[in-house]
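Asker: Given the sequences, and given the hints that come with them, work out the whole structure.
2 protein chains.
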Amino acid sequence: MVKRNRNIEKVQPSYLFVDINQRKKAHIDANPDSNLISLGIGDTVLPLFDELAADLSTYAKNLGTFEGYSGYPDWNGPAPLREAIANAFYKDTCITADDIIVSDGSKPDLARMQLLFGDQTTVAVQNPVYPAYVDDSVISGKTGEYDPEKGQYKGIVYMPCTVGNNFFPDLNVERTDLIYFCSPNNPTGAVATREQLTELVNFALKNKSVVIFDSAYREFISDDKLPKSIYEIPGAEKCAIETSSFSKLVGFTGVRLGWTICPKGIEYDDGKSVFDDWKRVVGTTFNGPSILASAGGLAALSKPEGMKKQIAYYMENAATLRDVLEKKGIACYGGENSPYIWCKIEGKTSWDLFDSLLKANIVCTPGSGFGSCGEGFVRFSCFATHENVAKASKILEEWNP
Amino acid sequence: MVKRNRNIEKVQPSYLFVDINQRKKAHIDANPDSNLISLGIGDTVLPLFDELAADLSTYAKNLGTFEGYSGYPDWNGPAPLREAIANAFYKDTCITADDIIVSDGSKPDLARMQLLFGDQTTVAVQNPVYPAYVDDSVISGKTGEYDPEKGQYKGIVYMPCTVGNNFFPDLNVERTDLIYFCSPNNPTGAVATREQLTELVNFALKNKSVVIFDSAYREFISDDKLPKSIYEIPGAEKCAIETSSFSKLVGFTGVRLGWTICPKGIEYDDGKSVFDDWKRVVGTTFNGPSILASAGGLAALSKPEGMKKQIAYYMENAATLRDVLEKKGIACYGGENSPYIWCKIEGKTSWDLFDSLLKANIVCTPGSGFGSCGEGFVRFSCFATHENVAKASKILEEWNP
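Chains as they are written, first to last, in the numbering used here: chain A, 1 to 401; chain B, 402 to 802.
These are calculated hints, taken from the structure and not from any lab test.
Incorrect hints may appear among the rest.
With a straight-line Cα cutoff of 30 angstroms, these simulated DSS-like cross-link-like pairs (lysine-lysine) come out [said to hold, decoys possible]: (1) A:K61 to B:K710; (2) B:K462 to B:K710; (3) A:K279 to B:K680; (4) B:K745 to B:K665; (5) B:K795 to B:K710; (6) A:K61 to B:K709; (7) A:K10 to B:K673; (8) B:K665 to A:K24; (9) B:K462 to A:K272; (10) A:K10 to A:K91; (11) B:K426 to A:K3; (12) B:K426 to A:K279; (13) A:K25 to B:K673; (14) B:K639 to A:K3.
Away from chain B, derived, C-beta distances all over 12 angstroms, residues of chain A [to be verified]: (15) N7; (16) A86; (17) A97; (18) T121; (19) V134; (20) G141; (21) P148; (22) V173; (23) W399.
Across the chosen pairs, the derived CB separations fall in these ranges [what the hints assert, rightly or not]: (24) B:K425 to A:D276: 19 to 25 angstroms; (25) B:E468 to A:T58: 43 to 49 angstroms; (26) A:E174 to B:K609: 38 to 44 angstroms; (27) A:W75 to B:N567: 34 to 40 angstroms; (28) B:D451 to A:I41: 48 to 54 angstroms.
Ideal Cβ positions, reconstructed from N, Cα and C, are used throughout, including at glycine.
Answerer: This is the structure in structure tokens:
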């Protein structure tokens, strides 16, 4: 008989969203008239901006003509889109269109990336952490068993990101082959400074580690002093793979478009180029993002005002929510250069806070779902309409945790 | 330093298309006025049919409204699309919408599927074979090293599909955990009969193997007696995973949409459900196909005439080409219920035939590129315009191999 992948056996069921949904359901069953306001999941709610929808519509229409039709995309995505990404986001770095490989999003790219590194590869993640980094590592055999007492997998180095260290890990840790790092961070909303990222890059260079840098929320950074890409840090081109996404940039969570950069200077211990393998992996396991998504990405980048307006809209939500919460004396982090606010009330667990907010008709995400250092926190997502955020603010003003 | 995935080291560079392109380039350089006709790569050339392009365009436009916008897709794809696929393709089988998981195509699904089975899993493929089945198996560690003398990987059971066995393998072979099977076949164009597929299913049930059945070309079958899905065979729901695609169905090679069925009755040796792991793998490594592609798929299935017309168009090409080739006394296989014609001329190698056709301005695919049993064959793809097929026919009439 066929054997199960022994690494999949290790993966723990993800109870977080199951739990959230069960509690939501119980609340709605008991209060059928309650209108829950979702500040939970990080999913975009605003429609595509007008010109983008119009361009995408025209592109779709033209797929019905010989001139406008096209078949299989290029393995690395359309050249004009790669040029546009390089121009929009990597102008002052050494990254060019040639380094950019367009995809259907960061999550699938993170999964494909596992194939580059063998199952002896060691991994470090931030704690709290976006769960896909961990699950990908487990399924691909880069970890040991799950330790139910710690709620962690053996073999993964979890780097605490807490109020005490400003949510940037103490790098006085065990060396690993891979280091996952997300900035602006999901869930903490923290953004690493230039100095912090320099420390991270130097740590990786010194240890000959590879940083897998997730910059999906880069455009939410408004403070010019904060780096939006790891390639703004000298040396990163020798040790960092960056993945990023149009999902939160222009509301493409459903349209599906992202990109990953694996600079040609990154090498394995045998001197072979990681990029060459990346090319092979992408070519074997993928057939490119939808040409519609690519066309949409190109259209979006040609109209940066539309993109900026959407981000400003969500960041207005963040400011509103932070303001209400802080006025109540609640400790808030993030939400200034990122769409997530990370909140803590002393003496309360994440689920205490979740339940108390649910009772008041607001759905958030319990921080403990992202790892042990998330305990006591909840995450508010700013991907909501102004209308709902206004309602939530009124509720929060009265809220008694 | 970071170690390379030792399985990727085994994968041989794919010289086939590099070789083809080099020879094409040399030909064009020497004959700048030659207009090459491509009957090589299996890529669609017809625009989307009018109503499909119109519906897709409307959907895109509506993404610019609150009513028409949507974010992250459901993990298994939109319910109406899964219903439509079940209705269109699985009506007389035990497969329902619940079994169908929508994706961005068969190739990425085949890659994700590797995660279900451990690296001790054994694999059988047809020879000749669509290269992705092999490369996926190698990269995921299911094979031994490459044997340059045989041009094969150790540990893979290659099942010859030849004129002698009507391109259906002799199943008197070593048992393996997985058996890849493609019908209608790429590259041979052969379609397994009901009796043959029954033999395959019974072989798998007896051996407790899992068949990975690729039905990407199913709608090119016009002979009602031939099965279009492996689930038309009793027992397949206990031993077969089927993957299929909109690529060739409606010209979605660029739009990217497919589906995979992993029936709930398939179990590992420990009794655990393969479907449960598939759900976990898809949820962890993927975020769904583009909502645009899904909307397009639903629109296409609501207008089956448009779909049928496109397939009929390509099959007209197949009939034209077969006719010309057979009139010359060339042995032709496939092209009757599949879009590929598989040709052989005694005493000629695949590259002899390729070069001779290239000299005559026709590009085909050398059969040897698909495995040792492809030697001596070339594959003609029928994904071309009538105009180009008419030109190619004129050339072929005069062609002296």
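Asker: Would you mind confirming whether the straight-line C-alpha gap from K745 of chain B to K665 of chain B stays at or under 30 angstroms?
Answerer: violated (42 angstroms)
Asker: Does the alpha-carbon distance linking K61 of chain A and K710 of chain B stay inside the 30 angstroms limit?
Answerer: holds (19 angstroms)
Asker: If you check the beta carbons of E174 of chain A and K609 of chain B, does the distance land in 38 to 44 angstroms?
Answerer: holds (43 angstroms)
Asker: Does K3 of chain A sit within 30 angstroms of K426 of chain B, going by the straight-line distance between their CA atoms?
Answerer: With Cα atoms ~47 angstroms apart, K426 of chain B and K3 of chain A exceed 30 angstroms; violated.
Asker: Range first: 34 to 40 angstroms. Now tell me if the beta carbons of W75 of chain A and N567 of chain B are that far apart.
Answerer: holds (35 angstroms)
Asker: Holds or violated: are the alpha carbons of K462 of chain B and K710 of chain B at most 30 angstroms from each other?
Answerer: holds (27 angstroms)
Asker: If we take the beta carbon of A86 of chain A, is the closest beta carbon in chain B still more than 12 angstroms away?
Answerer: holds (22 angstroms)
Asker: Does the claim that P148 of chain A lies off the interface hold, with its Cβ farther than 12 angstroms from every Cβ of chain B?
Answerer: The claim holds: P148 of chain A sits with its nearest Cβ about 18 angstroms from chain B, beyond 12 angstroms.
Asker: Does the claim that G141 of chain A lies off the interface hold, with its Cβ farther than 12 angstroms from every Cβ of chain B?
Answerer: violated (8 angstroms)
Asker: Minimum Cβ separation between V134 of chain A and chain B greater than 12 angstroms?
Answerer: violated (10 angstroms)
Asker: Taking the CB of E468 of chain B and the CB of T58 of chain A, does the distance hold inside 43 to 49 angstroms?
Answerer: 20 angstroms Cβ-Cβ, so the 43 to 49 angstroms window is violated.
Asker: Look at the Cβ atoms of K425 of chain B and D276 of chain A and judge whether their distance stays inside 19 to 25 angstroms.
Answerer: Taking Cβ atoms as reference, K425 of chain B and D276 of chain A lie about 24 angstroms apart, which means the hint holds.
The structure fails to meet hints 4, 9, 10, 11, 15, 18, 19, 20, 25, 28 from the earlier list, while all remaining hints are met.
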